[in-house]
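Novice: What follows is the residue order along each chain.
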Amino acid sequence: MIKVKDLTFSYQKNKEILHGLTFSVSDGEIFGFLGPNGSGKSTTQKILTGILSGHEGEVEIFNQSATVNLKEFKEKIGVLFEFPYLYSNLSALDNLKYFASFYPVKNRRDIYELLEMLDFKKDYLKKPVASYSKGMRQRVSMARALLNNPQLLFLDEPTSGLDPSGAVLFRKIIEEEKKKGTTVFLTTHNMVDADLLCDRVAFIADGEIKALDTPKRLKEKNSNHQVEIDYLYLGKHTTATLEMTEFNGGIPFPYEEIISIHSKEPTLEDMFIHYTGRGLT
Amino acid sequence: MRRSFPSILIKDFKLMLSSRFLFLALGSLILYSCYINFIYIKLDQDIYPVYLYDPMKTQIGVSSEVIRVDTLEDLQAQCADGHSVGIDVSSNEPEVIMVTSGITSTDYFRAAYALSLLSPESSYTAELIGQNDKEMKNRREITSEFLFFELAAVGFLGLASILFKEKQMGVIRVHGILPVNKSAFIISKLCLFLLSDLVFTGLLTVINLGVSAGLNVLPAVLIQAGILSLIMALVGFFCAVQLPDFKQFSLLYLVLAIFITTPVFIVGQTSIDWNWINFHPMYHLFMGMKNAYFATSSAGGSYYLACGLAIVLLFLLVHWALTGEMAKEG
Amino acid sequence: MCILSFLLPVIVGLAINMLSGMSFYSLSETSFGIVKSDLSHQTMAWLQSNGRVVAFKNVDELKAAVLDPASQMIGVLRDENGIKTFLSGDELQMNMIIGNTLPKLYAERDAVAASKITVIPTANSNEGMKSLLIAITIVTAMFMGCTFNAMSMIGEKEDGIALINEVLPMTRKDFIVQKVFLGFSGGLLSTALTAFACMRVEAEHILPLLLIIMLSAFIAALAGLFIGHFANGLMGGITYIKIVMILFLSPPILFYLVVPAGSTLHLLSYLLPSSVTFYGLMDMLNGQMQNIGISIIVLLTHCIIWLLLFCIVSKRGLRRA
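Protein chains in written order, with my numbering: chain V, 211 to 491; chain G, 12 to 341; chain B, 808 to 1128.
What the hints contain is simulated information worked out from the structure, not anything from laboratory work.
Take these hints with a grain of salt, some might be off.
A partial selection of chain B residues facing chain G, derived with a Cβ cut-off under 10 Å [as the list claims (entries may be wrong)]:
hint	residue
1	Gln900
2	His1036
3	Gly1069
The list that follows gives simulated cross-link-like pairs (lysine-lysine, DSS-like), each with its CA atoms no further than 25 Å apart [said to hold, decoys possible]:
hint	chain 1	residue 1	chain 2	residue 2
4	V	Lys429	V	Lys388
5	V	Lys225	G	Lys25
6	V	Lys281	G	Lys68
7	G	Lys25	V	Lys344
8	B	Lys964	G	Lys25
9	G	Lys53	G	Lys145
10	V	Lys307	G	Lys148
11	V	Lys281	V	Lys429
12	G	Lys145	V	Lys281
13	V	Lys336	G	Lys339
14	B	Lys964	V	Lys344
15	V	Lys389	V	Lys420
16	G	Lys339	V	Lys286
17	B	Lys923	G	Lys145
18	G	Lys25	V	Lys332
19	G	Lys145	V	Lys307
20	B	Lys870	G	Lys148
21	G	Lys178	V	Lys337
22	G	Lys25	V	Lys337
23	V	Lys286	G	Lys53
24	G	Lys148	V	Lys215
25	V	Lys336	G	Lys178
26	G	Lys53	V	Lys316
27	G	Lys339	V	Lys281
28	V	Lys307	G	Lys25
29	G	Lys145	B	Lys1049
30	V	Lys286	V	Lys390
31	G	Lys68	B	Lys923
32	V	Lys344	G	Lys53
33	B	Lys1049	G	Lys25
34	G	Lys339	V	Lys344
35	B	Lys937	B	Lys923
36	B	Lys964	V	Lys337
Quick list of the computed label-pair ranges, beta carbon to beta carbon [stated by the list, open to error]:
hint	chain 1	residue 1	chain 2	residue 2	range
37	B	Glu887	G	Ile322	51 to 61 Å
38	B	Gly889	G	Gly311	32 to 42 Å
39	B	Ile1013	G	Lys68	48 to 58 Å
Backbone N, C-alpha and C define an ideal beta-carbon position, used for all residues, glycine too.
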């Protein structure tokens, strides 16, 4: 779906933002792009969505250059921005009708169905967006991104501003889009989202990709292969840490009751710090 | 573009309504019309009052314009303003007394005029070669001035305020990923503001010139209004995209409204002659408007060519600025 | 942009100062148009003693100049009995009468030349138009403070900072002082520099001038606060600014030119602060200092009343919120 080779970009002379990025995204994949502010994440996304031009290197989307047939390209993509950009004087319905008018009729989804799927409160349908909470605006923005049944979906911090049940709902929708064959390019700081959703993640820092693999393999590569066991013995609550090899033969110490067993895997954030030398914020 | 353009138009119209732009235009129309009809057309300047001190009543057959006073002190008091003229005929020879106006020729004329009132009035009247009386001239003059100011300053402001709203909402960025022609985004706003300006022009003209005189000049006035509206809307669009916030923009608006239009009005409405004014683009636009109101000979092809070129260049500049704005960070 | 808009009145003040007085005199002097070689030298000389004479190539050019709505020119041609005149018909009453009486004055010119004429000079030269422009520029400079304050407050409302202000540990007095200060100081500086650039003020008049400027700049800054308080959004704010701008700048000029001093309407015009400022400045420019004290007291009264009014209005606004 997406093929990027040696992508370089500078906003000004002698100030290169992207230094030869190379990656690809397969059809139907959820690809995570993780990086702190100023890493080149947003610039990469702008180049991929056709907003920014003047880059060097190759960028191919839908098997052609992103700049060829820009209008056709935009009819096939959906973009959720970091902030919910909507006309605050218009209602959710009016906003969605307005944005839907730019797409071919055959591609458009039913607005009411979309909003119902996103669990949008019906009594706010005709009220102006200015009266909405952050979560409601995020739902309308997501609906806007899905209006045209996109083949390629760009999501920037999709669960930002949502309560836990809203975040669960959004993840479910993203997975359903994947099942339909939609490719998802996800940019986020939220490690839970990246871990749960992404087939593969790329860590970007200072305009370079520092690591690219599935979350599972990244953790396995850097795991210390230890297990932590909480147990009761002689009325006392104790915690023991064992190497995996020690554990394979069973629990090698006396106990009365096992309370819990956890593998001490690094988190994605730990991985990010390991590969880039700094945190995501 | 065909399916999306009406949507953009409707959206922009709703933005215009919510920003109360039309309310502002209506308020301006009422304010200007009241000022024109109740104050401006009544402005005039009377000839120098002439006071006569004639204790012996030697002057018979003086003009009815002459005001007689009883004492010399009264005469001197009345003439102290630098405008009135006094004649003292208490001695054998009439003496003209006045405080200087500051201009020698005016003082000489004042004296000559005052003395002429001592003799019987002449029936001579100057030939009138124009079509307008003072009231109609005042109406045309001030209406052209108000319309020019309104389109130059407020037209610039109206479109910019809507664009600032869209900048603030961040929706310009959304248009960057929509399959929409950027030109449609620009043209929609231009069309709406052009339409509203033309309606304003029509109403202002007909209300203040009267139906007959108003309709007579309306076609030419609408052309000039259309040119000015497009140019100022494009300038407003560009400034709105480039300037960071509305506060900065409103100060620029103030600068434009007061200081750039003022030299144009001073030269256009008085007999002051400044050669450099020919290099001021607003001057030519104003004179085009004013000539349209007075139904005098319109500008040549070079004026319209220059206006057309300006509109095209501004459009391209705005298109470029909008592309940059769409790529900006949130 | 802020600095530019505050500096502009200063630049205009300098420009007015540098402009030749002739430019302004030409506006008030009577203007006669003639055709070259039509009138005799003596007739031309006589016309020049009564006003400004402009010669044109032919009658058509002369007629076009007379018909120009921007001019009050009187066309003068040779006639068998002396001279004849023509007008466009849209002139001021004064110029209509001049046009109608000019041939008679020409016929009586010898008698006038022989008459005794006493012209009393004034203490200061009367640069009426220039003084008017200077006063308008100075009042406009004050208005900058109003616009800046209004825009600042509206901007805060739009950005949501107004909400933050309400939870900050700041007293109402601090809030008002803070809000007024920038617009007042900018307006004051701009006005003072403009006045310095284009006014000739004697040493003993500096203090009254400074008082007028300070009090007026304060009122202008307060007007900005009122606008910022009542405006709900940008366009609403612009509407109010426009109305205040027109009320601030236009009526004083009109009252000064049209309404006779001492009349009831003139007294009522003191209700408008900018009128008081305008009268004070014009009196100063014309060297008439007798009413300056009244202007200063009225301005001070306006300052107190409007400040109290703002305190009441802003308190009510808080209670409603």
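Novice: Each hint needs a verdict: does it hold in this structure or not?
Specialist: The hints, checked one at a time:
1. Against a cut-off of 10 Å between C-beta atoms, the interface hint on Gln900 of chain B holds, since the closest Cβ of chain G lies about 5 Å away.
2. The beta carbon of His1036 of chain B is not positioned within 10 Å of any beta carbon in chain G (closest approach about 16 Å), and the interface hint is therefore violated.
3. The beta carbon of Gly1069 of chain B is not positioned within 10 Å of any beta carbon in chain G (closest approach about 13 Å), and the interface hint is therefore violated.
4. Restraint check for Lys429 of chain V and Lys388 of chain V: the C-alpha separation of about 23 Å stays at or below 25 Å, so the hint holds.
5. Under the criterion of a C-alpha separation no larger than 25 Å, the hint pairing Lys225 of chain V with Lys25 of chain G is inconsistent with the structure, at around 42 Å.
6. Only pairs whose Cα atoms come within 25 Å are accepted, and Lys281 of chain V paired with Lys68 of chain G is rejected, the gap being roughly 96 Å.
7. Restraint check for Lys25 of chain G and Lys344 of chain V: satisfied, since their Cα atoms lie roughly 23 Å apart, inside the 25 Å limit.
8. Only pairs whose Cα atoms come within 25 Å are accepted, and Lys964 of chain B paired with Lys25 of chain G is accepted, the gap being roughly 22 Å.
9. A threshold of 25 Å between alpha carbons decides the hint, and for Lys53 of chain G with Lys145 of chain G the separation of about 9 Å falls inside it, so the pair holds.
10. Taken as a hint, the Lys307 of chain V and Lys148 of chain G pair is broken in the structure, with Cα atoms around 52 Å apart against an allowance of 25 Å.
11. A distance of roughly 40 Å separates the Cα atoms of Lys281 of chain V and Lys429 of chain V; the hinted pair therefore is violated under the 25 Å criterion.
12. This hinted pair does not check out: Lys145 of chain G and Lys281 of chain V have alpha carbons roughly 60 Å apart, beyond 25 Å.
13. This hinted pair does not check out: Lys336 of chain V and Lys339 of chain G have alpha carbons roughly 30 Å apart, beyond 25 Å.
14. Note on Lys964 of chain B and Lys344 of chain V: the hinted pairing holds, with a Cα-Cα distance of about 19 Å set against a maximum of 25 Å.
15. Taken as a hint, the Lys389 of chain V and Lys420 of chain V pair is broken in the structure, with Cα atoms around 29 Å apart against an allowance of 25 Å.
16. Distance hint between Lys339 of chain G and Lys286 of chain V is fulfilled; the C-alpha atoms sit about 22 Å from each other, no more than 25 Å.
17. Restraint check for Lys923 of chain B and Lys145 of chain G: not satisfied, since their Cα atoms lie roughly 36 Å apart, outside the 25 Å limit.
18. The suggested pairing of Lys25 of chain G with Lys332 of chain V holds, with an alpha-carbon distance near 23 Å, which does not exceed 25 Å.
19. Between the alpha carbons of Lys145 of chain G and Lys307 of chain V the distance comes to roughly 56 Å, so the proposed pair goes past 25 Å and is violated.
20. The suggested pairing of Lys870 of chain B with Lys148 of chain G holds, with an alpha-carbon distance near 16 Å, which does not exceed 25 Å.
21. Taking the CA atoms of Lys178 of chain G and Lys337 of chain V, the gap is near 21 Å; set against the 25 Å cutoff, the hint holds.
22. Using a Cα cut-off of 25 Å, the hinted pair Lys25 of chain G and Lys337 of chain V holds, with the two alpha carbons roughly 14 Å apart.
23. Taking the CA atoms of Lys286 of chain V and Lys53 of chain G, the gap is near 66 Å; set against the 25 Å cutoff, the hint is violated.
24. Taking the CA atoms of Lys148 of chain G and Lys215 of chain V, the gap is about 72 Å. The hint is violated against a cut of 25 Å.
25. Distance check on the hinted pair: Lys336 of chain V and Lys178 of chain G sit about 23 Å apart at the alpha-carbon level, within 25 Å; holds.
26. Restraint check for Lys53 of chain G and Lys316 of chain V: not satisfied, since their Cα atoms lie roughly 66 Å apart, outside the 25 Å limit.
27. Distance restraint check for Lys339 of chain G and Lys281 of chain V: the Cα-Cα separation of roughly 20 Å lies within the 25 Å cut-off, and the hinted pair is therefore satisfied.
28. Of the supplied pair hints, the one linking Lys307 of chain V and Lys25 of chain G holds, its CA atoms being roughly 14 Å apart against a limit of 25 Å.
29. Using a Cα cut-off of 25 Å, the hinted pair Lys145 of chain G and Lys1049 of chain B is violated, with the two alpha carbons roughly 29 Å apart.
30. Taking the CA atoms of Lys286 of chain V and Lys390 of chain V, the gap is near 14 Å; set against the 25 Å cutoff, the hint holds.
31. Proximity of Lys68 of chain G to Lys923 of chain B is assessed by CA-CA distance (about 19 Å); at most 25 Å being required, the pair is judged to hold.
32. Among the hinted pairs, Lys344 of chain V with Lys53 of chain G is inconsistent with the structure: their alpha-carbon atoms are about 58 Å apart, more than 25 Å.
33. With a CA separation close to 23 Å, the supplied pair Lys1049 of chain B and Lys25 of chain G stays within the 25 Å bound.
34. Between Lys339 of chain G and Lys344 of chain V the alpha-carbon distance is near 22 Å, which keeps this suggested pair within the 25 Å criterion.
35. The suggested pairing of Lys937 of chain B with Lys923 of chain B is violated, with an alpha-carbon distance near 31 Å, which exceeds 25 Å.
36. Between the alpha carbons of Lys964 of chain B and Lys337 of chain V the distance comes to roughly 22 Å, so the proposed pair stays at or under 25 Å and holds.
37. Against the hinted window of 51 to 61 Å, the Cβ-Cβ separation of Glu887 of chain B and Ile322 of chain G comes to about 56 Å, which satisfies the hint.
38. The hint said 32 to 42 Å for the Cβ distance between Gly889 of chain B and Gly311 of chain G, and at roughly 41 Å that hint holds.
39. In this structure, Ile1013 of chain B and Lys68 of chain G meet the distance hint of 48 to 58 Å, their C-beta atoms being roughly 53 Å apart.
Violated hints for the displayed structure, listed by number in ascending order: 2, 3, 5, 6, 10, 11, 12, 13, 15, 17, 19, 23, 24, 26, 29, 32 and 35.
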